[in-house]
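*Asks:* Sequence:
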Amino acid sequence: MELPIYEDDDVGHAASASAGPSAGPSSAGPSSAGPSSAGPSSADHPRKKPFYAKRPHKKSRTGCRNCKARKVKCDEERPACQTCLSRKEPCVYVLPIRSTFSQKQQSGPASNSSRRSRSSRSSRSSRTESYASSDAATSDQVHLAPVVVVHEPVASLPGYDPVDMKIIWHFMNNTYSSFSTGSGRAQDIMRVHVMKHAFDVRFLLRSVLALSSLHARTCTGEEVCDVERHHFYLRESLQEYRLAIEAAEPRTFGALMVNSLLVTATSSESFRDPAGPDLYILQWLLVWRGIGVILDRIHRSALPRTGMTQLFHRPSMNLSEATAYIPEHLTRMVLSIAPQDADYSHKPTYMYGLKYLGSLYQHLRQGGFNPVMKLRIITWFTFLPATLVDLLREKRERALVILAHYAVFLKLTTGTWWLVGVGDRSLRDICTYLGQAWYTDIEVPLRAIRVQDRTELARLLLDDPSWGDEAHVPSWSVALPQRQAPVQDQEQETTQLGLVDDEGRPIRFSHDTGTVVLAEPSEPGEEPIWNKDE
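Take the sequence shown: its letter number 62 is residue 63 in the working numbering, and every next letter is one higher.
Check before you lean on any hint, since a few could be wrong.
[As the list claims (entries may be wrong)] EDC-like, lysine to aspartate or glutamate: derived pairs with alpha carbons at most 20 Å apart:
no.	residue 1	residue 2
1	Lys396	Glu444
2	Lys197	Glu250
3	Lys197	Glu90
4	Lys533	Asp391
5	Lys533	Glu395
6	Lys396	Asp344
7	Lys167	Glu78
8	Lys348	Glu395
9	Lys533	Glu247
10	Lys167	Glu223
11	Lys533	Asp503
12	Lys348	Asp391
13	Lys167	Glu224
14	Lys533	Glu504
15	Lys167	Asp201
16	Lys167	Glu229
17	Lys396	Asp279
18	Lys197	Glu224
19	Lys396	Asp442
20	Lys348	Glu398
21	Lys89	Asp76
22	Lys89	Asp201
23	Lys533	Asp297
24	Lys89	Asp189
25	Lys74	Glu90
26	Lys69	Glu90
27	Lys167	Asp227
28	Lys396	Asp342
29	Lys348	Glu329
30	Lys89	Glu78
31	Lys89	Glu77
32	Lys72	Glu90
33	Lys348	Asp442
Simulated from the structure, these hints should not be mistaken for lab results.
Start from the sequences, fold in the hints, and give me the full structure.
*Replies:* Right, here's the structure in full:
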């Protein structure tokens with residue numbers, strides 16, 4: 002693939018003439034070579050040293066941003082200069098935008114061809130961020146106009162062909178926002194830090210290629226590569242990923258952590274595959290649990306050194322408060338377990354798991370639809386106690402009833418491409434597996450299969466037909482699209498994000514002990530809780 006190269010016509014030129022007197026004979030004539038007849042003898046005054054131009058080379062004004070910052074010569078190779086390649090840094094070229102006034106001065110009367118040329122340039126520039134004014138009035142604005150920043154991937158990598166590079170280009174421009182919660186910082190991490198680790202560790206780069214090709218096919222219909230190549234990326238990435246987990250080398254810690262996140266998205270493809278396995282959500286649950294396994298294996302205290310801490314932020318929660326929001330029919334289902342029932346010894350596990358589900362009900366009722374609510378739904382699997390996960394893997398009916406109610410929440414995560422179809426497919430699979438015998442307990446999930454509107458789904462979950470009116474939902478909620486969210490309310494909601502333990506309590510890194518501790522322990526010596534899988 003030939004990557005686009007952006008060029009600028011406005012290139013400076015070095016001075017071609019000397020700024021000082023000539024060191025050789027003057028062209029004025031022979032008289033200039035000897036002593037002057039009108040002045041003192043040249044012996045009385047020492048002869049001046051010749052002056053040479055300090056910049057005889059052609060000066061460039063189109064080098065990359067990194068070379069400009071370091072004040073070094075840039076070779077201007079596209080899409081990445083050799084200096085950035087050797088330093089393993091993203092190469093960014095800054096291109097000036099000419100004002101409308103300047104374009105009119107140079108082009109004169111607009112011909113049909115010039116109109117087409119300007120239209121083409123406008124179409125290309127619309128794909129990048131531009132703030133140039135269309136009403137520029139003076140030629141000085143040519144130099145004051147803002148710039149377009151073009152991020153381009155490395156031109157070639159050993160063992161990767163032009164198709165691979167095209168897929169990387171798609172990731173850098175589109176797929177990188179797949180894990181965004183509305184924070185520009187998280188997007189920068191995906192484009193800079195994640196790619197830096199990917200270029201150093203092959204299994205992560207192959208996961209990036211797999212995710213990017215899946216995103217292109219799912220969202221745009223563009224087949225950037227054939228299916229066989231996509232499956233090759235997945236297969237090779239997972240094989241090398243397993244080996245890297247066993248080796249646990251410090252240099253791969255960052256790649257291991259971010260790869261555990263990318264795999265959750267690439268593995269969601271089976272939900273949209275009609276031939277995908279039934280109850281695939283139980284397999285997907287284990288993929289999510291892999292994030293905690295990786296963090297336990299390499300120690301959470303290593304997370305800040307990777308530069309990707311924000312990708313692992315989760316919403317805080319209060320399980321004690323969440324208990325009051327558990328639906329009554331689910332509480333009744335657990336409390337009614339008889340001593341002779343095989344699930345009787347698991348009653349504490351079910352009640353503990355219902356608290357996590359109750360937290361979703363609590364924040365949906367209190368906050369409505371917002372980015373943090375979506376993140377609560379997406380990260381729910383990472384909080385669950387290991388004992389409940391074991392019951393789900395055994396396909397215990399009561400555990401599946403709890404999971405079916407969570408699947409209704411998954412249908413609320415609109416706008417995230419890799420979650421499309423996850424809720425619908427999971428609801429159908431679980432309800433089919435449980436059958437008529439559990440109809441009373443799964444009435445809400447069964448009704449949710451036929452509902453697609455988010456507000457109607459929320460009313461069904463909360464058993465509140467009037468939910469969604471202004472009197473019931475905060476004004477900044479996405480449930481009321483005609484109302485704009487005040488900045489202070491959004492900031493207050495965002496403060497709920499951070500590093501938390503598996504009970505949703507904020508944690509921090511202790512520099513004294515080099516470990517993770519609770520930010521606000523309720524008693525001295527209290528430690529974070531991690532629901533590790535056996």
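*Asks:* Tell me if the straight-line CA distance from Lys396 to Asp279 falls inside 20 Å.
*Replies:* Answer holds: Lys396 to Asp279 is near 12 Å, not above 20 Å.
*Asks:* Has the given pair, Lys89 with Asp76, been kept, meaning a C-alpha gap of at most 20 Å?
*Replies:* holds (16 Å)
*Asks:* Does the structure keep Lys533 and Asp503 at a Cα separation of 20 Å or less?
*Replies:* Judged against 20 Å, a Cα distance of about 9 Å means the pair holds.
*Asks:* Taken at face value, is the distance from the CA of Asp297 to the CA of Lys533 at most 20 Å?
*Replies:* Status holds; Cα separation ~8 Å.
*Asks:* Does the structure keep Lys396 and Asp342 at a Cα separation of 20 Å or less?
*Replies:* holds (15 Å)
*Asks:* Between the alpha carbons of Lys167 and Glu78, is the straight-line distance 20 Å or under?
*Replies:* OK: Lys167 and Glu78 at ~18 Å, within 20 Å.
*Asks:* Straight-line Cα separation of Lys396 and Asp344 no greater than 20 Å?
*Replies:* Within the cut-off at roughly 12 Å; holds.
*Asks:* Within 20 Å, alpha carbon to alpha carbon, are Lys167 and Asp201?
*Replies:* holds (19 Å)
*Asks:* Regarding the pair Lys197 and Glu224, is the alpha-carbon distance no greater than 20 Å?
*Replies:* This hinted pair is violated, its Cα atoms lying about 26 Å apart.
*Asks:* Are the Cα positions of Lys533 and Glu504 separated by 20 Å at most?
*Replies:* With a Cα-Cα distance of about 12 Å, the restraint between Lys533 and Glu504 holds, given a limit of 20 Å.
*Asks:* Can the restraint linking Lys396 and Glu444 be considered satisfied, given a maximum Cα separation of 20 Å?
*Replies:* Satisfied, since the Cα-Cα distance of roughly 19 Å is no more than 20 Å.
*Asks:* Has the given pair, Lys348 with Glu398, been kept, meaning a C-alpha gap of at most 20 Å?
*Replies:* Between Lys348 and Glu398 the Cα gap is close to 13 Å, so the pair holds against 20 Å.
Hint compliance for this structure: hint 18 alone is broken.
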